[in-house]
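J.: Here are the chains, one letter per residue:
Number of protein chains: 2
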Amino acid sequence: MSDAKVIVLTGGIGGAKLVLGLAHAITPSLIVSIVNTGDDVEHLGLCISPDIDTLLYTLSGKADTAKGWGRADETWTFMDTLRQIGGPDWFLLGDGDLAIHVLRTAWMKAGRSLSEVTADLASRFGLESRVLPMSDDPVATRLTTDEGELEFQRYFVERRCAPEVNAIDFAGAEASAPAPGVIEALTDPDAAAILIAPSNPFLSVDPILAVPGIRDALAAARAPVVAISPLVGGEAVKGPTAKLMREIGMEVSAQSIADHYCGLIDGILIDEGDRDDVSGVPQARCDTLMNDLDDRIRVAQAALSLARSLRS
Amino acid sequence: MSDAKVIVLTGGIGGAKLVLGLAHAITPSLIVSIVNTGDDVEHLGLCISPDIDTLLYTLSGKADTAKGWGRADETWTFMDTLRQIGGPDWFLLGDGDLAIHVLRTAWMKAGRSLSEVTADLASRFGLESRVLPMSDDPVATRLTTDEGELEFQRYFVERRCAPEVNAIDFAGAEASAPAPGVIEALTDPDAAAILIAPSNPFLSVDPILAVPGIRDALAAARAPVVAISPLVGGEAVKGPTAKLMREIGMEVSAQSIADHYCGLIDGILIDEGDRDDVSGVPQARCDTLMNDLDDRIRVAQAALSLARSLRS
Chain L
32 MSDAKVIVLT GGIGGAKLVL GLAHAITPSL IVSIVNTGDD VEHLGLCISP DIDTLLYTLS
92 GKADTAKGWG RADETWTFMD TLRQIGGPDW FLLGDGDLAI HVLRTAWMKA GRSLSEVTAD
152 LASRFGLESR VLPMSDDPVA TRLTTDEGEL EFQRYFVERR CAPEVNAIDF AGAEASAPAP
212 GVIEALTDPD AAAILIAPSN PFLSVDPILA VPGIRDALAA ARAPVVAISP LVGGEAVKGP
272 TAKLMREIGM EVSAQSIADH YCGLIDGILI DEGDRDDVSG VPQARCDTLM NDLDDRIRVA
332 QAALSLARSL RS
Chain W
32 MSDAKVIVLT GGIGGAKLVL GLAHAITPSL IVSIVNTGDD VEHLGLCISP DIDTLLYTLS
92 GKADTAKGWG RADETWTFMD TLRQIGGPDW FLLGDGDLAI HVLRTAWMKA GRSLSEVTAD
152 LASRFGLESR VLPMSDDPVA TRLTTDEGEL EFQRYFVERR CAPEVNAIDF AGAEASAPAP
212 GVIEALTDPD AAAILIAPSN PFLSVDPILA VPGIRDALAA ARAPVVAISP LVGGEAVKGP
272 TAKLMREIGM EVSAQSIADH YCGLIDGILI DEGDRDDVSG VPQARCDTLM NDLDDRIRVA
332 QAALSLARSL RS
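Residue numbers (the working numbering), protein chains in the order written: chain L, 32 to 343; chain W, 32 to 343.
Hints are computed from structural coordinates only; laboratory data are not their basis. Take the hints with a grain of salt, since some may be wrong.
Said to hold, decoys possible - To spell it out: a stretch of chain W is covered by chain L in this simulated footprint if at least three of its residues, at any positions, have a beta carbon under 8 Å from a beta carbon of chain L; those stretches are:
{"no.": "1", "stretch": "121 to 127"}
{"no.": "2", "stretch": "130 to 141"}
{"no.": "3", "stretch": "149 to 156"}
From the three backbone atoms N, C-alpha and C, an ideal C-beta is built for every residue, glycine too.
With the sequences and hints as input, model every part of the structure.
T.: Encoded structure:
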């Protein structure tokens, strides 16, 4: 199994932590990350792909691990100046972070696809693992809330997930196609595992599944598909997962996560502190909280171990 | 004459210093700057107007006066990061400076003209004087050199004016129109003076004069037109003026400057240290070196005084 690929469907920081652990558990060049781009936003004319950037920063050791987003050793002169001249300041852009946005934007305006740009950036960040956007076509996660319809970043950043969510949709998904390499990775008969990262199922993984062809490829995959539950002791570690589950009338439990991925996954890794076992799909347990690198490696290894057990 | 406008044709830092002096010599709201945009460049997808920015920064007290360009208290995390990922680093973009470029670019891509954007920025910088680009149409200063054809910023920034210049042209100038307000300002019969700033005549003022209608309006102006020679003791204070004059076979003297503006100016202010008097046009002398604010006010007042003497 040492040359077999591991494919990860991932969103933001939680998923990036898992992929980092994985990159220390197996040969990094065997990892293919398929990244949510439903959070992508064009802000001030800049093409911003927050989940891709979080993954690039995390894997290259440039992430601000204390803050949980953005770059370490960041400065904020751009934002300070923008604020002084009355520019929009709800979306924070660090000075170093801007380099990736400006370069990506210039390349995309010159006609390169998001997956070409992402591969180029990953290479410039010195990464050996592959990073694929879910699609080269624009897909926009939008939330219907008690404050009206909100684009993802307006909900997540500007309103800090405060509005109550009634529905989520992925504008543009129907007309989108998987990025080059995505279906090939998911249908690789020799792959060791396909992991669904402990990212928000509704906001980070569902947009990926909404791209036509990806859900079917996952359901038909020869490789074992293992989800890592984002819940630890019945709550989300970070972000709005648990709040959102309650708002859409879902019990906040690993069982709900397993049911959400029903028909797609062959097993689920849940937290050792979770009260109830999951039924309907094989489970494994470990301490899924990922504070440091050792935690991340442990969770990655536990997920791979579950996948191995499902294959044999 | 206290309500009469003063119009200034200006380029980069030398011109900005004069306008700053003027803003301390008369009511700022009476000043109309017509700014060279032949240096403008689209770099990394960003619309950059170096001479307009230098003027905005200088007038609002945000310029780096020691360095002579850019903003005071600037940081460079963007450039450091861009360099780390192999982005183009020949054109320096400070973190704070980026705010103005990003905002201008977003506004222009949304369909606003350069003069609308410039007026908006000037207002956000708290300026009372008017700042007009010479044109809303793209005009690009290009130099034919011993190293081939170079765009202005490649010559000025990347090659630091080292190549020998054979010819200069202003691409797009023929099809350009003066920005709104430019001809009105130049033909204002009540204007106190029209000043040509001590900017590079060939690289900063000639592009303005190349916009159809501006040269004629200047030649026909009722207001006295006064040039301030950029030479001090027979040399340029800063930049390539003297080197360029030699390369195009011109004597480096105030007389050459006066001859260059022949038919357009009614008088010229030259440095008190210049050896020879100018013939063919009335002259005045003062110490034209502008190190501090007092110097700038002195030069502005000397130019206004010469203009007054020409009118009466």
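J.: Indicate, hint by hint, whether the structure satisfies it.
T.: Verification of the supplied hints:
no.: 1; hint: 121 to 127; in the structure: holds (count 3)
no.: 2; hint: 130 to 141; in the structure: holds (count 7)
no.: 3; hint: 149 to 156; in the structure: holds (count 3)
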